[in-house]
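Enquirer: Residues per chain are reported as follows:
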Amino acid sequence: MAVPLKTKKMLTQTGDNSAYSFRTKTKSFFASKKGLNTDIIREISRQKGEPQWMLDFRLHAYEVFLGKEMPKWGADLSGIDFENIHYYVRPQDKSKRNWEDVPKEIKDTFDKLGIPEAEKKFLAGTGAQFESEMIYHSLAENLAKQGVIFESTDDALKNHPELFKKHFGTVVPPGDNKFSALNSAVWSGGSFIYVPKGVHIELPLQAYFRINIENMGQFERTLIIADEGSSIHYVEGCTAPTYSSDSLHSAVVEIIVKKGARVQYTTIQNWSGNVYNLVTKRAMAYENAEMFWLDCNLGSKVTMKYPSIILRERGAKGEIQSLAFASKGQHQDAGGKVMHLAPDTSSTIISKSISKNGGRSTYRGLVKVIKGAKNVKTRVVCDALMLDPESRSDTYPTMDIKEEDVAVAHEATVASIGEDELFYLMSRGLSEEQAATLIVNGFANPIIRKLPMEYAVELNRLLALEMTGSVG
Amino acid sequence: MAKALKIKNLNAAIGSTKILNGVSLDILQGEIHIIMGQNGSGKSTLLSVLMGNPKYTVTGGSVMLDKKDILDLSPPQRAQNGLFLGFQHPQVVAGVALGNFLRLAKNTIASAQKSKTPAIGPAPFAATLRAEMEKLKIDPAFMSRSINEGFSGGEKKKSEVLQMAILEPSFAFLDEIDSGLDIDALKIVAKQLGVVQKKQGMGLVIVSHNPRILDFIKPDKIHIMSKGKIIAQGGKEIVKKIEKDGFDSFIKK
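Those protein sequences? They're chains A and B, same order as listed. With this note's numbering as the guide, the letters of the first sequence map in order to residues 243 to 714. With this note's numbering as the guide, the letters of the second sequence map in order to residues 4 to 256.
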């Protein structure tokens, strides 16, 4: 999800994820065969008309991918069959700037999701990715005039080669982990954003990612550079229809927040229950810069995602707030990481998870403070709400602190919905389901209220949907 | 249309411990009843059972609301049939604004009662709520605060009376509504209780162990409970006896 849907009716009449679960019949312009080898990687690069250095980057990353073991410390990934995935599916010949030029069946998909309408109402720019490619990008004219760049990452490689090469792969190198290596080998699509010095973008920019076919691998690559003293709020939303076999979403997001700049990156994803969602997100924050990850995860089969912030220079601030909802057959393994590499830096990690019907949620976090990073402040709060005894919640907070002049606060709570609380609300005329939904919404509220209003309304609706039929 | 609530030989237990041992009591709409008794006499349990708290098992008896036995109804169904419980210890519900919750409750009850007035929107509801808050001297800011979170004891009790005023029940049960209130707050709450009760023609059952409440509320009947039973009934003379000889004087009889 991401954008508020036009039709409330559609949501309330259907259960589960199905409002997003419709499939569209499309003819792909090109689809690679299932499985991965160097020929496919060369073909992706050739089709995109990339410079030699990018092909070399991809091939090197593929070597790294093959050389790395599957991570065994987190969620169960044994169901991923790398041979049963389409790594590159190109829905049309190139990205469009005019909505009217987008092929009709793709346009219909995004119309149903309410994308073009939202752009008119409350966004400064929109991007939409279908399978492997960004099929549409647009930016408010006044921002383009001020030098803001908002393009698909593929277009940016062609249009801004120097800016691109200088920053690409610097925050998340291919060797970071197996899935960042895979992404680096086969990446396609994603957003490239450059905000010039001192430019403040008031309204959010948004990108919407849609997987439509079965056994799809979506590997978008997003790179945001906020130059000195600038600010931007970027919002991404993701959905996919339900299929019987699995898809893989493995994105890499790199963010560079220069001196005195501020970036907020908001994610609202509602993947269907057959998507493995393994994403590497990291930001580098320079002097007095501010980075804020706001990460809301509903749906998917397995999510492993720990948005990270490297506080590299004095005075940098980082904040990570995440919300996860794990239902039957789902494992949300999420959290955040902050590296304090300089004095006077501060960070906050707030993680809230809700587990229902045997769903499993895990908080996994790291706060690292190196020797010499004096006067650091850090606070970690993780709260778990369990709706039934079958569900599970685990917390793995790691603190690696090598400096003494540090203020550290850590709180963790695990709660279940209390009978007294339910009875209190029910005595006022609410059904058990209404009462439980209210408690869940209240639990999630401190994070939801950080969202722009339109998204907050939508997320509350999604939570209510998840709660439908969940009790007695 | 005078409705009646008739409790007949009500027995209830928590686990295997019997708490109510045959309570019988008739309440008509428009009447005020006060139930007094020592701690542990079963007063609070009685109100909780009337509202359908699942903690308690009803082991016998009936509670008729006109011709309907409400013991078969779930707590929300009881609320939708016009019953209300003001809690002794109101629950905190973090992150849920009192105003939003009350509007949801109001509209849910109205829709269950097939009310012809359309669901009330946020703005008109806020206006109604603000007016009621003013009467109870509750800071209107509490509307946007989480239910009972950080409320003082007195504020919680005022909030219970506020909820009653908004939901307009036919019968309200108020559990220790006077505890935690200072004398000024008690005056305000009692006055407002009287106003709402008259306006609604509501049947009111107030549980208290403090005779002081009678300085502010004039009941139609006073009941004394002990060991899960009503052991004495009467008017104000009962209170004089309590004040003189204590609850023991009834129990020893």
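Because the hints were derived from the structure by calculation, they are not lab data. On a predicted model such as this, the values are computed, not experimentally measured, just so you know. A few of these clues could be false.
Below, in silico cross-link-like pairs of lysine to any residue (SDA-like), each with a Cα-Cα straight-line distance of 20 angstroms or less [what the hints assert, rightly or not]: (1) Lys692/A - Ser147/B; (2) Lys400/A - Trp315/A; (3) Lys692/A - Lys11/B; (4) Lys400/A - Thr412/A; (5) Lys692/A - Asn103/B; (6) Lys275/A - Ile322/A; (7) Lys58/B - Asp662/A; (8) Lys420/A - Trp315/A; (9) Lys58/B - Ser658/A; (10) Lys58/B - Glu675/A; (11) Lys58/B - Glu674/A; (12) Lys58/B - Ile322/A; (13) Lys6/B - Glu171/B; (14) Lys692/A - Ala100/B; (15) Lys9/B - Met67/B; (16) Lys58/B - Thr412/A; (17) Lys117/B - Gln676/A; (18) Lys11/B - Gln91/B; (19) Lys58/B - Glu661/A; (20) Lys314/A - Phe324/A; (21) Lys58/B - Lys692/A; (22) Lys159/B - Asp418/A.
Negatives, chain B to chain A, calculated, CB over 12 angstroms [stated by the list, open to error]: (23) Lys21; (24) Lys109; (25) Lys202.
Positions of the beta carbon are idealized from the N, C-alpha and C atoms, including for glycine.
Enquirer: Indicate, hint by hint, whether the structure satisfies it.
Expert: Evaluated hints:
A C-alpha spacing of about 16 angstroms is found between Lys692/A and Ser147/B, which places the hinted pair at or below 20 angstroms, so the restraint holds. Distance hint between Lys400/A and Trp315/A is unfulfilled; the C-alpha atoms sit about 39 angstroms from each other, more than 20 angstroms. At roughly 53 angstroms between alpha-carbon atoms, Lys692/A and Lys11/B are farther apart than 20 angstroms, so this suggested pair is violated. Using a Cα cut-off of 20 angstroms, the hinted pair Lys400/A and Thr412/A holds, with the two alpha carbons roughly 19 angstroms apart.
A threshold of 20 angstroms between alpha carbons decides the hint, and for Lys692/A with Asn103/B the separation of about 18 angstroms falls inside it, so the pair holds. Of the supplied pair hints, the one linking Lys275/A and Ile322/A holds, its CA atoms being roughly 17 angstroms apart against a limit of 20 angstroms. With a CA separation close to 9 angstroms, the supplied pair Lys58/B and Asp662/A stays within the 20 angstroms bound. Distance check on the hinted pair: Lys420/A and Trp315/A sit about 13 angstroms apart at the alpha-carbon level, within 20 angstroms; holds.
Taking the CA atoms of Lys58/B and Ser658/A, the gap is near 17 angstroms; set against the 20 angstroms cutoff, the hint holds. A threshold of 20 angstroms between alpha carbons decides the hint, and for Lys58/B with Glu675/A the separation of about 18 angstroms falls inside it, so the pair holds. For the hint pairing Lys58/B with Glu674/A, the CA-to-CA distance comes to about 15 angstroms; that is within 20 angstroms, so the pair holds. Only pairs whose Cα atoms come within 20 angstroms are accepted, and Lys58/B paired with Ile322/A is rejected, the gap being roughly 46 angstroms.
With a C-alpha separation of about 14 angstroms, the suggested pair Lys6/B and Glu171/B falls inside the 20 angstroms cut-off, and the hint holds. Between Lys692/A and Ala100/B the CA atoms are separated by roughly 16 angstroms; this keeps the pair inside 20 angstroms, and the hint holds. For the proposed pair Lys9/B and Met67/B, the alpha carbon gap of about 5 angstroms is at most 20 angstroms, so the pair holds. For the hint pairing Lys58/B with Thr412/A, the CA-to-CA distance comes to about 59 angstroms; that exceeds 20 angstroms, so the pair is violated.
For the proposed pair Lys117/B and Gln676/A, the alpha carbon gap of about 18 angstroms is at most 20 angstroms, so the pair holds. Restraint check for Lys11/B and Gln91/B: the C-alpha separation of about 24 angstroms exceeds 20 angstroms, so the hint is violated. Of the pairs offered as hints, the one joining Lys58/B and Glu661/A holds, with about 8 angstroms between alpha carbons and a cut-off of 20 angstroms not exceeded. The suggested pairing of Lys314/A with Phe324/A holds, with an alpha-carbon distance near 16 angstroms, which does not exceed 20 angstroms.
With a C-alpha separation of about 37 angstroms, the suggested pair Lys58/B and Lys692/A falls outside the 20 angstroms cut-off, and the hint is violated. Between the alpha carbons of Lys159/B and Asp418/A the distance comes to roughly 53 angstroms, so the proposed pair goes past 20 angstroms and is violated. Lys21/B, annotated as away from the interface, keeps every beta carbon of chain A farther than 12 angstroms; the closest lies near 21 angstroms. A cut-off of 12 angstroms between C-beta atoms contradicts the statement that Lys109/B is not in contact with chain A; the least separation is 8 angstroms.
With a least CB separation of 20 angstroms from chain A, Lys202/B remains clear of the 12 angstroms interface cut-off, as annotated.
The structure does not agree with the numbered hints 2, 3, 12, 16, 18, 21, 22 and 24 stated previously, though it agrees with the rest.
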